[in-house]
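Protein chains: 2
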Amino acid sequence: MAESWSFLDTVESNFRPLVVIELAKGTKEETIEWFTKRIVDKKADGGAQLLIKPLVTENGHENIYLVGASHLRLLLGAETVGLVKECNDNSMRTFTYSSRKTFKDFADDNHNFLTMAECQYIIKHELENLRAKNEKMIPGYPQAKLYPGKSIVRRLLTSGILVQIFPLHDREELKKLRHSWYGRVKVGFQPLDDIRSYFGETIALYFGFLEYFTFALIPMAVIGIPYYVFAWEDYDKYVMFATFNLLWSTVILEVWKRICALLTYRWGTLLMKRQFEEPRSGFHGVLGINPVTGREEPVYSSFKRQLRIYLVSLPFVCLCLYFSLYVMMIYFDLEQWALDYHKENESNFSSLMLYVPSIIYAVVIEIMNRIYRYAAEFLTSWENHRLESSYQNHLVLKVLVFNFLNCFASLFYIAFVLFDMKLLRQSLATLLITSQILNQFAESLLPYWLQKRHNKRMKKLMCSKKTDTDLSLAEQVNMEKEMGTYLGTFDDYLELFLQFGYVSLFSCVYPLAAVFAVLNNITEIYSDALKMCRVYKRPFAEPTANIGVWQLAFETMSVISVVTNCMLIGMSPQVDALFPDSKMDLVLTVAFVEHLLLAIKFIMAFVIPDKPREIQMKLAKLEFESLEALKQQQMQLAAESLKE
Amino acid sequence: MAESWSFLDTVESNFRPLVVIELAKGTKEETIEWFTKRIVDKKADGGAQLLIKPLVTENGHENIYLVGASHLRLLLGAETVGLVKECNDNSMRTFTYSSRKTFKDFADDNHNFLTMAECQYIIKHELENLRAKNEKMIPGYPQAKLYPGKSIVRRLLTSGILVQIFPLHDREELKKLRHSWYGRVKVGFQPLDDIRSYFGETIALYFGFLEYFTFALIPMAVIGIPYYVFAWEDYDKYVMFATFNLLWSTVILEVWKRICALLTYRWGTLLMKRQFEEPRSGFHGVLGINPVTGREEPVYSSFKRQLRIYLVSLPFVCLCLYFSLYVMMIYFDLEQWALDYHKENESNFSSLMLYVPSIIYAVVIEIMNRIYRYAAEFLTSWENHRLESSYQNHLVLKVLVFNFLNCFASLFYIAFVLFDMKLLRQSLATLLITSQILNQFAESLLPYWLQKRHNKRMKKLMCSKKTDTDLSLAEQVNMEKEMGTYLGTFDDYLELFLQFGYVSLFSCVYPLAAVFAVLNNITEIYSDALKMCRVYKRPFAEPTANIGVWQLAFETMSVISVVTNCMLIGMSPQVDALFPDSKMDLVLTVAFVEHLLLAIKFIMAFVIPDKPREIQMKLAKLEFESLEALKQQQMQLAAESLKE
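Protein chains in written order, with full-length UniProt numbering: chain A, 1 to 644; chain B, 1 to 644.
Please note that the accuracy of each hint is not assured.
Same chains, same names: a pair is fine if it fits in one copy or spans any two.
No more than 25 Å apart at the CA atoms, straight line, and that leaves these computed lysine-lysine pairs for PhoX-like [as the list claims (entries may be wrong)]:
#  : residue 1 : residue 2
1  : Lys-42    : Lys-237
2  : Lys-150   : Lys-618
3  : Lys-273   : Lys-618
4  : Lys-101   : Lys-618
5  : Lys-37    : Lys-618
6  : Lys-304   : Lys-611
7  : Lys-28    : Lys-537
8  : Lys-136   : Lys-537
9  : Lys-43    : Lys-452
10 : Lys-531   : Lys-150
11 : Lys-37    : Lys-25
12 : Lys-611   : Lys-85
13 : Lys-304   : Lys-621
14 : Lys-618   : Lys-304
Think of the hints as simulated: they come from the structure by calculation, not from any bench.
Please construct the entire structure, taking both the sequences and the accompanying hints into account.
See the structure below:
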């Protein structure tokens with residue numbers, strides 16, 4: 001290697017645009033000059049040492065910039081972010097530049113060693129880690145304060161100078177991916193590895209979970225069908241079905257952990273060291289010394305945060321839950337009123353009136369969910385969490401609890417206060433099917449329509465221009481910057497979580513729920529895929545080793561479902577008839593069975609290893625190697641220190 | 001530093017005996033020669049590079065050897081085992097020889113930088129890691145096979161050539177420790193740091209837990225006293241007491257994790273990297289390639305082990321549990337028979353006969369416990385676990401389940417089958433107090449008597465000899481090698497675990513249990529301390545970061561106690577009287593309260609952080625520093641690779 005840094009970086013012949021930066025219209029020249037200089041500056045001078053090029057369109061210079069990097073720069077960046085790749089001996093190892101030759105498919109001229117998503121992730125990481133040196137503010141914007149070590153990009157974003165940063169689509173690759181993913185009608189698995197290399201691990205893991213979950217529901221669905229077809233009502237069959245469901249849901253959640261470990265080992269993220277987390281962009285506080293890093297940065301007392309959480313957020317959430325229950329009670333009053341009205345004056349109008357309360361309630365729930373979501377985001381942001389992960393956890397918890405109550409409170413009320421199994425079955429079916437149809441519409445038909453409009457606009461653009469490559473890039477950028485931003489997998493997981501609730505909480509009352517869930521999920525895969533490929537901007541890849549807090553949420557749901565199912569079975573008239581003399585014995589038996597099932601659940605969760613043996617061995621091997629290497633290093637150092 | 005390895009190691013003027021090796025009488029000369037040579041051989045030649053000296057007594061050479069090491073050797077060994085020490089800036093860091101100057105109290109001539117227990121741990125580690133090179137067998141013993149990489153000391157132990165290895169006591173230090181620990185009557189904390197530096201972390205942590213647990217029981221005891229004094233029988237007071245106990249037991253177990261983190265951070269073991277575990281000495285199998293290390297060593301199919309566990313051990317344990325229940329039923333029959341006999345012919349003999357069944361049952365339980373313990377050890381050893389930790393976990397699980405049943409089955413039977421609260425209170429008191437008295441006798445009076453005998457023998461020895469220093473060492477070694485071996489903290493924890501069961505499982509029936517537990521634990525601290533200092537050989541220090549499987553065991557017990565206490569309260573006549581119309585409502589209310597308490601428990605366990613904030617910050621700082629160091633290193637390597 002005779003090249004030097006400066007040599008490589010001034011050669012822009014092989015410039016490949018990877019990431020787009022859009023600055024606000026009317027951004028001052030001095031700011032742009034300073035920012036682009038910092039991006040191309042050498043690492044040693046505190047720059048990011050990337051390549052940047054303005055996008056020139058027919059309207060001239062539009063404050064849109066394309067960012068790329070030399071091949072060498074990307075490889076060194078891969079080392080910085082701690083990327084894990086496959087070696088020639090099929091083991092997974094953290095990539096280092098010095099050991100690059102030992103990695104599979106590595107060659108100095110192979111520019112596909114890193115996937116485009118990885119390159120974009122590296123560039124994002126480098127941009128976010130571009131830090132202020134001695135600047136006290138962003139040049140040209142005295143109100144946008146900086147301090148040494150503050151991420152420049154984050155300050156530019158919060159002060160509105162930087163509109164957005166997003167990675168470019170790769171039209172060729174996307175076409176291939178679309179074809180193998182949902183382009184042809186086929187029965188088979190999703191191309192998870194391709195999804196991962198195009199969209200990153202977080203999104204691939206969501207699709208992996210969606211697919212796994214769908215397959216896992218099939219046994220429940222298959223067993224559920226005869227209950228509907230033959231109208232089985234015997235309690236023993238229901239008990240069998242419920243018991244099967246409860247144990248099965250434990251098994252599928254445990255097995256998912258294993259599959260997840262298999263997937264993320266193959267993708268390298270299982271081994272990836274957690275990066276030291278930066279404060280999230282919304283975090284504020286007085287300048288102080290961070291006790292961990294020793295750097296000057298905003299600090300905020302954790303005691304104050306705890307006060308905000310327990311004295312404001314917690315009471316607010318409780319109040320919202322109470323309000324939601326109150327609305328539910330009004331709904332039941334309305335329902336009763338409509339029923340009475342229908343009985344008194346039986347007419348077409350009155351039978352139509354029967355549906356009014358449900359519709360009003362559904363609309364109110366939807367509105368409440370949305371308002372609450374904003375409130376939760378505001379509150380969690382106001383709690384001023386330092387880390388994005390902590391912010392996310394608090395937000396997820398707030399939203400989950402409220403959604404859970406909103407969706408299931410009425411069902412709980414029907415089941416355990418009104419004791420009306422028929423109404424429960426009916427409400428469950430209505431809620432499940434309506435929510436699925438609504439979701440399918442919002443996620444599949446709407447995107448389809450958007451895509452159509454999109455295509456038209458694209459065609460219009462294409463016709464009016466020559467098909468120059470450079471212009472085509474400008475077109476692509478202009479088109480993609482208008483696309484919506486994918487806000488993460490939260491809503492997708494939430495949908496699955498609520499579906500899991502419908503399937504498991506009252507499974508012994510409505511065995512057909514699993515069938516609907518399976519049917520919904522199959523179309524869900526396609527509509528979500530369409531959404532990712534066609535509707536939204538390409539999101540930045542986000543490495544992850546598991547589905548995080550959702551695993552816990554699903555497990556909690558499965559514990560709650562043991563309690564509800566046992567209660568439902570205990571309340572069924574068939575079981576009731578088995579204990580004609582003593583209701584006491586009935587309740588005690590049910591309580592005993594419930595505790596037994598819970599105990600079995602916990603033992604199963606304890607006994608089934610979270611990682612397959614194969615992965616355990618590979619991890620042990622890596623650990624052993626690193627310990628051996630450390631030992632070698634220590635021996636050498638000791639030998640050297642003795643020579644002095 | 002101008003010294004070289006060889007120079008340092010041949011100078012025996014500063015030889016300080018640390019560890020004693022006792023070989024079997026009549027061990028062949030060639031074996032002894034080979035073994036001592038391997039111990040003193042240079043590291044580079046595959047030796048342990050330690051110092052060894054035969055112990056010469058008046059009877060001549062008795063196959064007892066003293067092992068020591070040079071100061072430098074010990075410092076390098078401290079680096080190898082990954083010892084964590086305090087730095088000058090009060091942070092804890094992994095000791096490395098090259099950074100030795102940054103550590104607190106380090107000076108090249110300060111030989112107390114490492115405690116004696118640490119030095120002995122290092123020597124033990126080095127001896128155990130002394131591995132066969134090309135030897136096919138131990139010279140002189142063709143049946144004692146070796147293969148490259150096999151630990152020589154383990155093979156010598158299993159083939160009976162090596163009788164024992166144990167660390168020497170430090171008479172001066174021990175005297176100081178005894179004085180500050182239990183030498184004077186005082187109210188105060190134990191000198192945990194001194195215990196740790198003399199006996200190591202595992203034992204210090206046991207005493208820390210014992211002390212913490214005793215303090216944690218005081219509130220329960222204080223609240224329990226008025227119940228006895230005023231003979232309170234109101235149900236609402238009992239409910240309050242039980243609720244307090246249940247929540248309190250969750251809090252104390254969670255807070256213990258925090259205190260444990262505080263202690264082990266200060267001791268450095270919280271940060272200590274887990275060493276790569278060697279196969280345990282009892283492990284056998286056909287020679288094969290270990291897939292993890294790539295070394296040739298015995299391998300044993302994990303499938304076969306699973307078969308043995310699930311097809312032999314599990315059924316055997318179940319059978320034993322069944323047998324234990326069967327014996328319990330016989331005991332109740334006998335009890336009934338004795339009662340009937342007493343009613344029929346009321347005499348002194350018949351009232352004496354009333355105690356016979358209890359005594360027989362107590363003796364039978366004790367015998368069953370012992371037989372079962374042997375069986376469990378045999379079975380777990382037969383399961384052929386590769387790692388000591390896995391062996392221990394399986395053994396603990398087996399023993400715990402059986403002991404739990406043996407101790408509590410009769411109480412469960414009385415409470416939930418016979419519904420006899422009076423008998424329950426009586427049995428609970430009898431069992432608790434008898435077991436405590438028996439334990440105190442076995443752990444305190446017996447050791448005291450042993451110690452007396454010991455002193456006498458010592459005096460006899462002292463009188464017949466001159467008080468030469470060298471002879472005194474020989475005396476010390478001869479005396480200590482006859483002392484019993486401390487078999488680990490298992491039995492001590494088990495005793496505490498069962499005590500926790502007596503206190504928490506039926507706390508609402510017998511509030512005085514906590515009082516007895518506190519009184520017992522105070523004397524327990526003293527008797528255990530006496531046992532450690534006077535009765536047993538000094539044990540090797542064993543670094544540990546927590547109390548391991550016992551945390552889980554105590555938490556499980558606290559979950560079970562929620563269920564039992566709720567049932568007991570539900571069954572009390574006072575609560576019964578509150579629901580005169582419907583037993584149904586009673587049971588449902590109790591079940592609801594129980595689920596609520598369980599939910600609160602889990603939420604509390606989730607909300608209370610396992611590590612204090614202070615420790616979290618320190619750990620985060622260390623992680624940050626190591627990430628920064630890695631980054632620096634990578635930058636340097638990259639810069640170097642570009643210069644080529």
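For each hint given before, does the structure comply? Return the numbers of the non-compliant ones in rising order.
Violated hints (numbers, rising): 1, 5, 7, 8, 9 and 10; every other hint is consistent with the structure.
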